[in-house]
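Under this note's numbering, the residue at position 466 of the sequence shown is numbered 724, and the numbers go up by one with no gaps.
Derived from the structure by calculation, the hints contain no laboratory data. It is possible that some hints are incorrect.
[Claimed, not checked] Under the rule of at most 30 angstroms between Cα atoms (straight-line distance), these lysine-lysine pairs were calculated in the DSS-like manner:
1. Lys839 - Lys799
2. Lys1043 - Lys1065
3. Lys748 - Lys799
4. Lys956 - Lys942
5. Lys796 - Lys812
6. Lys796 - Lys1034
7. Lys793 - Lys1034
8. Lys347 - Lys313
9. Lys534 - Lys560
10. Lys403 - Lys434
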Amino acid sequence: MGCYFNIYGFGSRFESSFTFEGSVKYSQDTMDQALKIVKRMQPDLGGTDILQPLKYIYSRPCYRDHPRQLFIFTDGEVRNTKEVLDLVKHHVHSHRCFSFGIGEGASTALITGMAREGSGHAQFITGTDRMQPKGQRALIYAQLKGESSGGSEGTVTVKYSLKDQPVTNQLRFCLKPTEETGLAVHYLAARSLIRSLEQKERLSGSDLFGIRSSIMDKMKRFRNRIVKTSVQTGVSSVYTAFIAINKDSRQTVKGPLLQTRVQTCDPFLQLVSLQKASGCWELDATLADVFGKTEDELTNQKPAQVDGSVWATLLALIWLNGCKIEQQVEWQFVAMKAASWIGSQKGSAAGIVSEISSGCGSVPYTLTLSVHVSSPKPISKLESSCTLDPLVFLHSDHTQATVNLSPGHMFDKDVELFVFYQDTHQPSAIVEAGVTTAPSGSLMRDPVVMISLYPEFPEEVMSSLATQGEFVFVMDRSGSMSNTRIESAKDTLLLLLKSLPMGCYFNIYGFGSRFEFFYPQSVEYNQDTMDQALKRVKEMKADMGGTEILEPLKHIYSQPCYPDHPRQLFIFTDGEVENTKEVLDLVKHHVHSHRCFSFGIGEGASTALITGMAREGSGHAQFITGTDRMQPKVMQSLRFALQPAVVNISVNWTFPDGITVDTLSPPINVLFQGQRALIYAQLKGESSGGSEGTVTVKYNLKDQPVTNQLHFCLKPTEETGQSLWFSYGFELSVTQKKKACFISLSQDDPFLQLVSLQKASGCWELDATLADVFGKTEDELTNQKPAQVDGSVWATLLALIWLYGCKIEQQVEWQFVAMKAASWIGSQKVGDLSQCVCVGNVLLGCHVTKETLGI
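Generate coordinates for the entire structure from the input sequences, incorporating the hints supplied.
In structure tokens, the structure reads:
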């Protein structure tokens, strides 16, 4: 009570004071007025221009003895980030700024910059996060160089002020590194440095370029290795700052995230809404309803020495501490106000305050965690984001180990363990015993063996992508593909068409109850055919009725293949068909003349159809559901299509007499880089002699035969439960569907605009449209052009710098666009481009190296 407050709303314009002409004193009346206006708030103010409302706020005089605290919420980015941050910094002595980035679209530079320059704190709210305060901890990383000539101890002194009081902490530490801790701190330090440098490079000009170049080269190489791994495997890495991870689902974040809103019928929210500005509650039927009681029940139990408001407020505090302790971080200030109000009331009830207040604090607890790790492969190391005691190996072969969480961990964050193995690409086998009480001859009675196959793809195999091929895109245009689905599909086709190599062949089919094609037969990819196709893609609609895929497939397979151009089929559908078996038989019949990549869109896509077409066509299946974006998954499959794959896979078993094997897993036709296959088999009978089995796995990789032979003990592993049976059963279970909410790229999105401007050869032209993507004028681009390059080379260099500097989180989508551009620049023979890259970095506010660009 007695503080001052105001609320502003902004977009393309701002409302000078959302509730009042100036900040007003907090009271019951002003709080009620503000809450009424908050309920009417709508996202109806256009774009994202935060500079003007900030100028207005800073123009208002501050209240004496009432330090200004600014809380800014935004889900977007602005083009004048530096101007905004300079303004916040200029007023740092008159306020503190707390900033909140909502969703994956929020600008990191803007959010963290406002908090940094305003001496506040930044928060990012993504996925299913609730907008709630969090504790703050600082981690400081430093690199130690050189060799000590004497002492073995270092000292760090940390000084700071808290409420105008100086505090000094001095810590001595041993310079001898802790043994067997892996490189967890190195990884965290690298991530911290990358984030720091990324933040500085967006805002600085050429001042720091020379100072940071060697560091950035090193960190960019580190980052690119992680990003490359993520792109190739389809598994997001927790060590890279460029791929967002939903902390709940562990999924890569793709597309806008839908926030889970607390329903207004939530008792917690109802209780908070009933609190008065002073901190008390009133004893009435509405409050009783929150507790699931009647007003009479509350009134009849009221002690005689307290009035209704004190009793109601006490009950509210008891309910919060007893029923909503997991949300304490959200209601802690509500409770403090209530406890303070009770304390101000004269009477015997004031003595209860200390008891209630103690419940608002932390509850002491101690938890321990000990993990036993067992593996058929030798364990290399174990890492965690939490502090661990040294890893203890139980056997000399390093197949079993234990590790304990270090004392003092408060379990206030997820505990994640990362196990690293030796000889990762060598096949491994686990034999598990059955249940002796199960019926004889049944799956649960007999031992089961699991073979893990994770082929190695040497760097020389993966370094080059195919430059030839026939690419046929088959798009479902049935009525159910309308609205966002067809728009997302069109965006995807744009990316695919821009990513194809020059000289290949392509065609696009649309199907529903009927089908049509862009060309009678696949045509050579060049500027003219690409432009023609893009025009027709823009006109595509979901207007072809039902879902009949058999006839277009028959037409495609009836077309002769081009010599030296292997056919790659990309099929997109959101439905199911009645003749699944006939479709799969057709794909299987033509497996030797093509590969089939299938995409199931939404919860209605047939699992049998999508996975079956990919399996029979030696391709790869993807399902796009929930908030998934189509583009990253499709571009991953395009990489699979352009890279060699493991094919002709055979698995042969050898056992002693008396033992037979029944393979439970379906045959594996193909494996792409980063994929792992699990093969399950049931062992029947009793061995008459030997105690060892052998499995031989053969396959071809880029026409080279590979053979792996693995010997394993037939004696089942003890104390493993029935995890292998359940794993196999899980493979057979029906894939759970999620409600789909498809997000297409906005036509105003700079990334999509840039891609649409690229020529088929891979270059860009220097014009006003390209300049607009960068937020520049054509004159600005032209005036900065180095003399040794022409307009197209300069434009293409700038496009690459912008992609790597501003859109690295979408690299999986533009990787082939960039590869084409780099290849085109290389063909122009323009000599050393280092100076051009430096000038481009300064112009666009980026900091990427020539090596990063691949030129």
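Outcome of the hint check:
1. Using a Cα cut-off of 30 angstroms, the hinted pair Lys839 and Lys799 holds, with the two alpha carbons roughly 28 angstroms apart.
2. Our distance criterion of 30 angstroms between C-alpha atoms is met by Lys1043 and Lys1065, whose separation comes to about 23 angstroms.
3. Taking the CA atoms of Lys748 and Lys799, the gap is about 9 angstroms. The hint holds against a cut of 30 angstroms.
4. For the proposed pair Lys956 and Lys942, the alpha carbon gap of about 24 angstroms is at most 30 angstroms, so the pair holds.
5. Of the pairs offered as hints, the one joining Lys796 and Lys812 holds, with about 26 angstroms between alpha carbons and a cut-off of 30 angstroms not exceeded.
6. About 27 angstroms separates the Cα atoms of Lys796 and Lys1034, which keeps this hinted pair within 30 angstroms; it holds.
7. This hinted pair checks out: Lys793 and Lys1034 have alpha carbons roughly 27 angstroms apart, not beyond 30 angstroms.
8. Proximity of Lys347 to Lys313 is assessed by CA-CA distance (about 12 angstroms); at most 30 angstroms being required, the pair is judged to hold.
9. A hinted pair counts as satisfied when its Cα atoms are at most 30 angstroms apart, and Lys534 with Lys560 qualifies at roughly 20 angstroms.
10. For a cut-off of 30 angstroms, the pair hint linking Lys403 to Lys434 stands: about 13 angstroms separates their Cα positions.
Consistency note: the structure conflicts with none of the earlier hints.
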